[in-house]
Amino acid sequence: MLRPAVRSQIKGIPMATAPIVPDRHPPVQRGWYKRNEIRLTPWLFLAPAMLFFAVYVIVPIGQSVWISFHEWDGLGEATWVGTANYDRLLGLGDQNMDRKFETSFWNNIRWLILYLLAIPMGLFIALFLNQTVTGIRVYKSLFFFPFVISQVVVGLVFSWFYLPREGLLNAILGLVGAGPINILGDPDMATYGIIAAGLWPQTAYCMILYLTGLNSVDPEQVEAARLDGAKGWRMLWYVVLPQLKPATFIAFVVTIIGALRSFDLISIMTNGGPFGSTRVLSFFMFEESLSEFGFRMGYGAAIAVVLFIIMLFFIAYFLWSMWRDEKEGR
Amino acid sequence: MFPTPIAKRSRTAQVSYQAFLPFALILWLLPLIAVALFSIKPEADFANGNYWGWPSSFEGFNNYGRVFFESNMPRYLFNSLLITIPTMIGAVALSAMAGFALGVYRFRGNLLLFFIFIAGNFVPFQILMVPVRDLTINLGLYDTIMGLVLFHVAFQTGFCTLFMRNFIRALPYSLVEAARVEGVAEWRIFWYVVLPLMKPALAALAVLIFTFIWNDYFWAVVLTQGPGAQPVTAGITEFNSQFRAAYHLMSAGSIVAALPPVAMFFLMQKHFIAGLTLGAVK
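Listed in order, the protein sequences are those of chains E and W. 6 is the number of the first residue of the first sequence in our numbering; add one for each residue after it. 867 is the number of the first residue of the second sequence in our numbering; add one for each residue after it.
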């Protein structure tokens, strides 16, 4: 059956003689919507998602930037203060950098670097589990298990694990004769203790990415490399890892984002302490703008903007990589 | 195929691998096993310093019973469900439509819109916090389940759209073309042609969103307070202050709070993993 549009086209062709069978269908009067259907439909389908996303994500980013140039307690009138919040935060002009900001920033860097360990650790566990023996599927899912648990519970579990008196860690250390250590109570160790807790689910996530990736490694290439005498590290580095590139990319993305988003664990395990030594930017921001320390929304927004700018570097890189793939794919 | 399949290795290698597996697993889950052990111990064991020995009596039913009958835990769990399920439906519905639009049609700004959805999904929560809280208060939705649901739907739409769009791109485009030649209306193509093929993606996203939202803590703290609307992740801190230093009850409470997504994962494992790899790792 021809669509009406096609039929009217045929009808429009001038013909030498009148058609033998006269067209009994009157020309179909199609509405404006019908005529523009292909052009309009995507926008109709996009409208609800765009509306929600704009109201709750896109516009608030702009608003936060705007608020960061104000002093505001969240209730009364906001006063324009120009870049004063940033000056105070970053120590521009004749002031010193906010000490809390300094600690938070360096802790963020620690998180970023150490969190990336989740990728090789995940790969290692994935390689260990990439076998076919009875019950291996159950092992795989149990190894993945920590990722499904909420960070709040992971935080609780680890803070009990670290307890100086009741904790299992010190019970084990006691067995080998090492003295009890209070990881979360020591300003020099607390951040590392929290990062270790965060690495637990993150490693599980990277592991599952690699396990799925390993499924699609081409067995013929591995076999061919094996005939050429490649094995162990060389095989991993030159033959297997290049094929795992998509998995590595996603592991990298989710690990970086996870490191910069760390909030739950810090809030649950130490609440920023001891002596503010475990603060990161996301926690610092929350503390300044929405806690018993006060409602300095303007200052908080400035911290959020700084964190956003740090994240923007990574977002730009991710988008650039995806855009490149998109071009190749078409 | 990599590393060398264990079946091709020596008998000793096979046996030691099989023996090492459970050992490695216990080591990996040690902190969790510790909590599970705590949750079935009687209070007396903690007073006597018997932290790691055999429980002097099995108090599992008792401890978990107290979690359910002597605290706000059931209320928090119910709130979590009321937040999670509508969000799941809302985000999947919105993103299925958006993904269809971005995956099937060519129009100016298609790729730009798609990238805005991806980018929005990566922003730090803190840059949204003050304005979103303000908006929620102005809408009269502060400390309500609705307030949380609306935000979660909006934010998760970014991630879901990324997933849906890529999934639809991978479907054979000729199906859509064939339907168009038949004169099928566009919305019917979505409903009768594309949507049935998207079932695996819908399932993957549904389980994933369930887990993400159930486990959310930050927004629960920012947008709610008190047992009226708080989900279990935020409620557990109140629960822990109620049972301060009663490790057997706090452990039982944490396990209860963590369980629903765990159950979801074990029931829908295949879909869950497909979702986590963002559909990029096949």
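FYI, nobody ran anything at the bench for these hints, they're computed from the structure. Hints are not guaranteed to be accurate.
[Said to hold, decoys possible] Below are the DSS-like pairs computed for lysine-lysine, each with C-alpha atoms no more than 30 angstroms apart in a straight line: (1) LYS332(E) x LYS236(E); (2) LYS145(E) x LYS1136(W); (3) LYS236(E) x LYS874(W); (4) LYS39(E) x LYS1065(W); (5) LYS1065(W) x LYS1136(W); (6) LYS250(E) x LYS1136(W); (7) LYS250(E) x LYS874(W); (8) LYS145(E) x LYS1065(W); (9) LYS1065(W) x LYS332(E); (10) LYS236(E) x LYS145(E); (11) LYS1065(W) x LYS250(E); (12) LYS236(E) x LYS250(E); (13) LYS250(E) x LYS145(E); (14) LYS874(W) x LYS145(E); (15) LYS1136(W) x LYS874(W).
Are the Cα positions of LYS145(E) and LYS1065(W) separated by 30 angstroms at most?
holds, 25 angstroms
Proposed proximity, LYS874(W) with LYS250(E) (alpha carbon, max 30 angstroms):
holds, 27 angstroms
Tell me if the straight-line CA distance from LYS236(E) to LYS250(E) falls inside 30 angstroms.
holds, 19 angstroms
With the threshold set at 30 angstroms, check whether the alpha-carbon distance from LYS1065(W) to LYS250(E) stays at or below it.
Holds, at about 27 angstroms.
Starting from LYS236(E), check that the Cα of LYS874(W) is at most 30 angstroms away, please.
OK: LYS236(E) and LYS874(W) at ~14 angstroms, within 30 angstroms.
For the pair supplied as a hint, LYS250(E) and LYS145(E), confirm whether the alpha-carbon distance does not exceed 30 angstroms.
Satisfied, since the Cα-Cα distance of roughly 21 angstroms is no more than 30 angstroms.
For the pair supplied as a hint, LYS874(W) and LYS145(E), is the alpha-carbon distance within the 30 angstroms limit?
At roughly 21 angstroms apart (the allowed maximum being 30 angstroms), LYS145(E) and LYS874(W) satisfy the hint.
Does the alpha-carbon distance linking LYS1136(W) and LYS874(W) stay inside the 30 angstroms limit?
holds, 28 angstroms
Sort out whether LYS1136(W) lies within 30 angstroms of LYS145(E), counting only the CA atoms.
holds, 12 angstroms
Has the given pair, LYS1065(W) with LYS1136(W), been kept, meaning a C-alpha gap of at most 30 angstroms?
holds, 13 angstroms
Would the pair LYS332(E) and LYS236(E) pass a check requiring their Cα atoms to be no farther apart than 30 angstroms?
violated, 35 angstroms
Next pair to validate is LYS250(E) with LYS1136(W); report whether the Cα-Cα distance is within 30 angstroms.
holds, 22 angstroms
The structure fails to meet hint 1 from the earlier list, while all remaining hints are met.
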